[in-house]
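Here is what each chain is made of, one letter per residue.
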Amino acid sequence: MAIAAPSSAIGASTRPGGSAALAAEQLSIFYGEKEAVKKVDLSFARGSVTALIGPSGCGKSTFLRSLNRMNDTIAGASAKGSIWLDGEDINAPGTDVVSLRQRIGMVWQKPNPFYKSIYENVAFGPRYHGVRNKRELDEIVESCLRRTALWDETKDRLNQSALALSGGQQQRLCIARALSVQPEILLMDEPASALDPVSTSKIEELISELKQEYCIVIVTHNMGQAARVSDKTAFFYMGNLIEHNETNVIFTNPEKKQTDDYISGRFG
Amino acid sequence: MRMSNKTADRVATAVFYFFAFLIILILAGLIGFILYRGLSHISFGFLTSPPQTFKVGGGIGPQLFNSLFLLVLTMIITVPLGIGAGIYMAEYARPGRFTDFIRLVVEVLSSFPSIVVGLFGLLVFVNYFGLKFSLLAGALALTVFNLPLMVRITEQGIRGVPREQKEAGLALGLTRWKTIVKIMLPVALPTILTGTILAAGRVFGEAAALLFTAGMSSPRLDFTDWNPFSPVSPLNPLRPAETLAVHIWKINSEGIAPDAAQIAAGASAVLILTVLLFNLGSRWLGRFLYRKLTASR
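In order, the protein sequence lines correspond to chains C and Z. My numbering numbers the first residue of the first sequence as 1 and each following residue consecutively. My numbering numbers the first residue of the second sequence as 1 and each following residue consecutively.
Read the hints as simulated data drawn from the structure, not as lab findings. Misleading hints may appear alongside valid ones.
Claimed, not checked - Here are the in silico distance ranges between beta carbons for each label pair:
id, chain 1, residue 1, chain 2, residue 2, range
1, Z, L238, C, R135, 52 to 58 Å
2, Z, Y88, C, V198, 42 to 48 Å
3, Z, T175, C, N240, 31 to 37 Å
4, C, S208, Z, Y88, 56 to 62 Å
5, Z, T48, C, K134, 46 to 52 Å
6, C, G76, Z, Y88, 15 to 21 Å
7, C, S56, Z, T175, 28 to 34 Å
8, Z, V108, C, I74, 27 to 33 Å
9, C, S208, Z, R176, 31 to 37 Å
10, C, A164, Z, L81, 52 to 58 Å
11, Z, I115, C, S56, 52 to 58 Å
As the structure is a prediction and not an experimental result, all values here were calculated from the model. The beta carbon of each residue, even a glycine, is placed where N, CA and C say it ideally should be.
Can you build the whole structure from these sequences, using the hints too?
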């Protein structure tokens, strides 16, 4: 199946392993006058998972949402600094935001499948981007649903509304939908915080599998989850990036006292 | 002596119940009275035959047809305009003076007395644009009357769509326009549709705005002539057309047929039943669509 692995078009051979897929440079984000994220430098490697942690309101979600320019849609929000994707500053004015977003998939806290059938949720993006052949679409739907371990549960009812699925299934469908347009990067904003423990562990397994091919950035409030799924962890506090390092270093031997305090639950 | 909190709570509960029942009573009394007076007069002949000026036994056939046809014409004009402007207000208008001004204009327009809208229609559509008393002039006047409501309905419908739906569309690399049309509009459809039908009910019962625009008379119609350019065709949008609501007003004020009172009562019952049907229909359709779209029970 040619489309089986959505990454095949941007195959591993063209990606030097470990190099930064996406990097923020001196990135500041404002809501009106308020600076929600302050001059953050942070890069994300291909084939890895980076967890963004920190207390509520620390700017981690805002930072995540600025990476695919989703914050543009919020009135009064503005960003300064650069975001580098393949040597191109995607934060620069004149960037084609629409085609940029296709390269950076996104998953939200609350599952938000389209009010459409299961099939249509996955097929919608590829069809919009020019895949018209029914068989090709079928293959994309099947491979994306297989990758998110949803195929066996849904193959007999692809034409049913996606909203009839359970919360955990909906979230996996949303991940399948994000994969359907072959992104290089996946942004996840607390993808499991609205789910039960079983669904959560399924999502975590999925993240671990997907990181082979994607650069994943995940915001989470769950320390255990950050420790389980991520390779690197970045700790945000009051809009500042306090510390960024290998996850096991952050969790066992952090450099900064603030990080230590947060991880050991003394605040936040 | 102060009432205890418990007693005060009981009294308040009783008062609110009283007001609620009062409203129900007024409505039930109103509808009951109109139906009681008119229902016995409704028959197939009454609904299909033309009115009589001097004799007993006139019907409301042309008026009923005119009302429905005018409604369709109005909606053909109003719905695209209202949905377009509503989408603009919900998605494109940036907060600021200009948007506030548009909103103010819409509010003012929606609180215009319909008789004033009628006079405006007379001056502009009937006289200035030379449409004469015609269905088209009536439909345009009703558009002025109805447009603010349609804009508001659409704006509310679109705003009611969860933000994450819009973001999900954008995140797949859809343009804003495609996200609105393909993702958000279907979600908002039940709200927009029910609102539209309710607005249709209001249009259907409107009289004052039509007195000087669609006119107070109908030419002799030939219901076998469906060529919209023929002057006797019911479909001709440039012919004058007395609607049901206008007809009720006219026969009540200057009807000289011996059974004018019964005809007015019967026509009123038909009018109110139709509007009631619009209301119930919109609820049913809204619920049906919502279930179908969300797969909830």
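A quick look at each hint next to the structure:
Checking the proposed 52 to 58 Å range against L238 (chain Z) and R135 (chain C) shows it holds: the Cβ atoms sit about 53 Å from each other. Between Y88 (chain Z) and V198 (chain C) the CB atoms are about 45 Å apart, so this pair conforms to the stated range of 42 to 48 Å. Between T175 (chain Z) and N240 (chain C), the C-beta spacing of about 35 Å keeps the proposed range 31 to 37 Å intact. For the pair S208 (chain C) and Y88 (chain Z), the beta carbons lie near 45 Å from each other, so the given range of 56 to 62 Å is not met.
The beta-carbon spacing between T48 (chain Z) and K134 (chain C), approximately 50 Å, falls within the hinted interval of 46 to 52 Å. The hinted window of 15 to 21 Å between G76 (chain C) and Y88 (chain Z) holds, with their beta carbons roughly 20 Å apart. Distance hint for S56 (chain C) and T175 (chain Z): a CB-CB separation of about 33 Å, consistent with the stated range 28 to 34 Å. For the pair V108 (chain Z) and I74 (chain C), the supplied restraint of 27 to 33 Å holds, since their beta-carbon distance comes to about 31 Å.
Under the hint 31 to 37 Å, the C-beta atoms of S208 (chain C) and R176 (chain Z), about 35 Å apart, fit the expected range. Here the CB-CB span from A164 (chain C) to L81 (chain Z) is close to 36 Å, at odds with the stated 52 to 58 Å. For the hinted restraint 52 to 58 Å between I115 (chain Z) and S56 (chain C), the CB-CB distance of approximately 56 Å keeps it satisfied.
Checked against the numbered hints given earlier, the structure breaks hints 4 and 10 and satisfies all the rest.
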